[in-house]
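Taken in order, these protein sequences are the chains called L and V. The first sequence begins at 1 in the working numbering and counts up one residue at a time. The second sequence begins at 149 in the working numbering and counts up one residue at a time.
To be clear, the hints were calculated from the coordinates, so they are not data collected in a lab. Honestly, I wouldn't trust all of these hints.
[Said to hold, decoys possible] Covered by chain L, per the in silico footprint, the following chain V stretches (three or more residues, Cβ under 8 Å):
| no. | segment |
| --- | --- |
| 1 | 364–371 |
| 2 | 548–554 |
| 3 | 569–582 |
Here the structure is a predicted model, which means the values were calculated and not measured. All C-beta atoms, glycine included, are put in the ideal place defined by N, C-alpha and C.
What follows is the residue order along each chain.
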Amino acid sequence: MIGDRILGVVLLLLAVVYGWEAAMFPEPFGGSEAVGPETFPLLLSVILGLSSIYLLVRPDQDEEWPHLKMLAELGFVLLVLAIFTLMLQPVGFIPATTLMVSVLCWRMGAKPLPSIFTGAGSAIVVYVLFNFLLELHLPAGLLKLNGG
Amino acid sequence: METLNFLLQGFAVALTPENLMFAAIGAILGTIIGALPGLGPANGVAILIPLAFSLGLPASSALILLTSVYAGAMYGGRISSILLNIPGDEPAMMTCLDGYPMALKGKAAEALAISAIASFIGSLLATVGLVILAPVLAKFALRFGPAEYFALFTLAFATLGGITGKNQVKTVVAACLGLMIATVGVDITTGNQRYTYNILELYEGVDFIIAIVGLFAISELLFFIEMHAGEGFKKVALNKLKLSMKDIIQVLPTSLRGSVLGFIAGVLPGAGASLGSFLSYTMEKKVVGKNGNFGEGDPRGVAAPEAGNNAAANGALVPMLTLGVPGSGTTAVLLAMLISLNIQPGPMLFTQNAELVWGVIAALFVGNLILLLLNIPMIGIFVKLLSIPPKYLMPVVTLVASVGIFAISNSPLDLYFMIGFGLMGYLLRKLHIPLVPVILGMLLGPEMEKSLRHALTLSDGDWTILWSSGLSVGIWVVAITGLVLPYIIGPVLRRRMAAAQDKEHSIVD
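Excised from the complex, chain V in its bound form (with noise of 0.2 Å):
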């Protein structure tokens, strides 16, 4: 009852003349950086995140118009998908196994529709489940003490790497660095200057904001030269939209299915959307057995994989409104705008911040519905865009990353800083370096090293009380867990899911 009043209020705070044009806003940005192939959400809401910024909002608004840009972009990665054969994303690489056919069989519109309504199906049971979930988890962690939060951002960086991660050892690295970024700056407790080496500008430590335009932005840039130069993108041409209510009705159930899966999958760290889509689509399969025709365009496996994907994108809001600990590299990037605004995620957050957090989830089934709206009569729309060749694109998409980071202080230094994390972030890339710690590393890491020093003075230096309670040792084996499984079960995993990929490669080529 209690959950109800605060999303009633939440509505309020949501359908204010205002909000209401930031989520229509953010929900048309984001499918239109969904839908252009290589810009996933992640690179999306950063660009957008200094815009915001530079414009002062007021910290729901700019809330409302980021989560809409992630939602946007997720329903956006399957334009790219159907009908290039290109998809945005990891987690969108499942829904060209079935859309790029359909879309070859002359059904590109089919396939666009029921992918959007199962995209809505699985938004919209996932912010349900958000709902239930999230101020549950928040009670729960407010139990928690310094050595119990230690182990969990610790846990936070061990699944990071998710179960389909590579070398989990170049996940440390990551988070390492990202870690050794954030100690940059005047230490709060004594005073001391850590690394800064008497330059005035690293007094404040580095900000993450212009860490992610670089690192995320400037380094595809740099990756789009490399890859494409100077291509295009042959794209499959749209027919007339013929969908009966018999076609909804058979994906209906699939959808469903598909969203409880992707759900869980984002609410557990490290998983993800990824993880979400693939589980959905393989279940989906065994599900229908040999009725289907899963991978020469069965309309099944477009909806499961769009249903698991954007379920999964909302579940990952969960532990990061709940704990402050993201479950995906756009959760990451989210993260960093609330702590941006001086809003400290966790548990606190329910209670200090509810009418924003209120505002926020009932701002997702607005967004939704918008999105619904938005991307059945006005597909048309959204395809053309692909028709611009990514050689005039990609340059302008720099340019807005780079005018936002400059609007917000008027300093070059930052733009500087932003090319110099641009360079970073493309040799990481290179050396299969992870991105999202090295952020998320930034990004907790004054919150962990409170944490860790609250709990070591506790103790008067004893460090067996990071693991002296039954939680903290729950938290750490889970966390020792998340770090040893991808050796185990990631190499099987990886393997299915390139047979899936092959298998489909086979069949277009």
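Here chain L stands alone, though its shape is the one from the complex (with noise of 0.2 Å):
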């Protein structure tokens, strides 16, 4: 119930933002027309803002959300995706691949020394798989040999 009037709170206020927005389009050059770029974006927000009411006045029953520990370990997932992006470049595929995959592992539940070894070997087979195999060049980092 909670989760749905939520949702249909979010959904209204971005239906009213998104078709205000529409409606502020600047006039096209040549003068306004019956249909211009701003006549689907202002249908959509019509749609969106009538299902957004009836979510408010009819919400279904909510599923069971996560507790806060589990809520804060999907964010942990999330965050070290987010550093595996950070280290490609600077730092290189295979160390910053070992590090996401590892502790993937590790939080799903696996062993720290089984996690390191799956981190660390599929790095390894993806980063020569696309280099040498299908000549796709991954970030090679700190690990940059020969300048290539």
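Join the two chains, each given in its own frame, into one complex according to the hints.
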């Protein structure tokens, strides 16, 4: 119930802001016509607005949301993916991937040592596969040996 | 005759050594993906699209690879259904009913073999159906004007929730979200910037390949961690295959009936593979009557839904190829692939890209043969894969998806977008907002808006043009029916499907 109500409020706000912006689009060069860049967005904002009001009035039963600890866990997983992205170019593919896969394995319940093996193994296999067989160059980062 | 010629040309494309190799690789990867619990065809294709892209494959090879993955995943889905009682996706659900009891009785190998044969028959017949029906429908669709197309796109969304869909309003919300994302970028007609906020990367809009991988693959990872972190699966042991000709003959009529029903369910917008397998199973139960022991490991109970869901999967390609309107999640993902390759699906596809379309159709025949050969003698290898714990597998799958995305443009920003869509996918799924309409909205948005503006320009802003021809009125009627019907028969169908499941569980528990 509460989940759908919050969703309804958020969507209603989105519909209003989205529609408002569409109405504010600058007039196209050569004067406004019957249909312009704002017609379709305005139509969408009306439909979304009506649907979100329906959700507010008749919400569904709530799905069970994970408790706080699990939410933190999921947030941590997203953070690990973001750190992987951040490391990719400056530090290089192999270390970034080793870290990402190992941490994910570990968070999914694997023991530390097999996690690191899986991480390093998959990093090296994917790197070799991409750089040498498929000739797609993944960033070598700090491991760059011959300037290539 | 003309069709036959085209098909022969198609085989010339499909049987080149490279394309044969891509079909085989696709079939193997697809089977693996389908076999893994939790990963279905839509996820599988989504994970592999960026890879196919970053490899810069020619259009026909990329499509052959991905349609083979699709077909393979439909085959593979039954492996986890039979051995683990865990369906990889919804259509594989019905296979659990008799497949798992058969496995419990020590007949796992037989169940797998029968389901492979039934899958083969289902796919094969549906591909024949595709060959016959698609060109006819494509010719018919050439008569569509912009108003009819606008109605048709609406129809695609209206029926997407499917007859079993729960809350149609949520399908509408999802479609709106997708369409809204599609409006981001520079407006083609006027050159106006819309919702770009002067961010250069948004000028060309949001790349739906990134959205697909985020919404499907990354959200799946999050769900996996929440549901079964660390947990392994208990697998039924595989016996030595003892299948006689008599066993095969027994399931032959079942497979034929299931295929026809499945194909029809696949072609109809919104019905899809789940309904295909459900209808085939229920009908088989009626036809066999008291002579069967359905729910306790009847081989016909394995053959019927498998023939049905594989036939439906290929049937769903008919509206996707001819109208540019996908009937299922996976075909939506395949549609994304087509659009990214600069190929506009729709009736013109059969005239403008005849070689490509027929090449892909021929590859479906080839792929099915490969799958049958793979799935009977080499089944043991795929079964072994099920013993890899997901705690190692899911991170590696996530890695493959991310590398693919990164390799397309070498841009870390794309990866951040992917992570963002992953979070969005998780939240939407938690709120029971279906993801497929979001994707479909992103895909169809530009074309839908173009047909609306085209139609309204022709009529000088008179909205009644949208329902002024008999054809468009017909499409609107179907669309509205599709939106309202689930409220009437949806609960009944869902109850029956749940009842079938419950009966099964009471036997197993």
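Okay, the hints, checked on the actual structure:
no.: 1; hint: 364–371; result: holds (count 3)
no.: 2; hint: 548–554; result: holds (count 4)
no.: 3; hint: 569–582; result: holds (count 7)
Violated hints for the displayed structure: none, as all numbered hints are satisfied.
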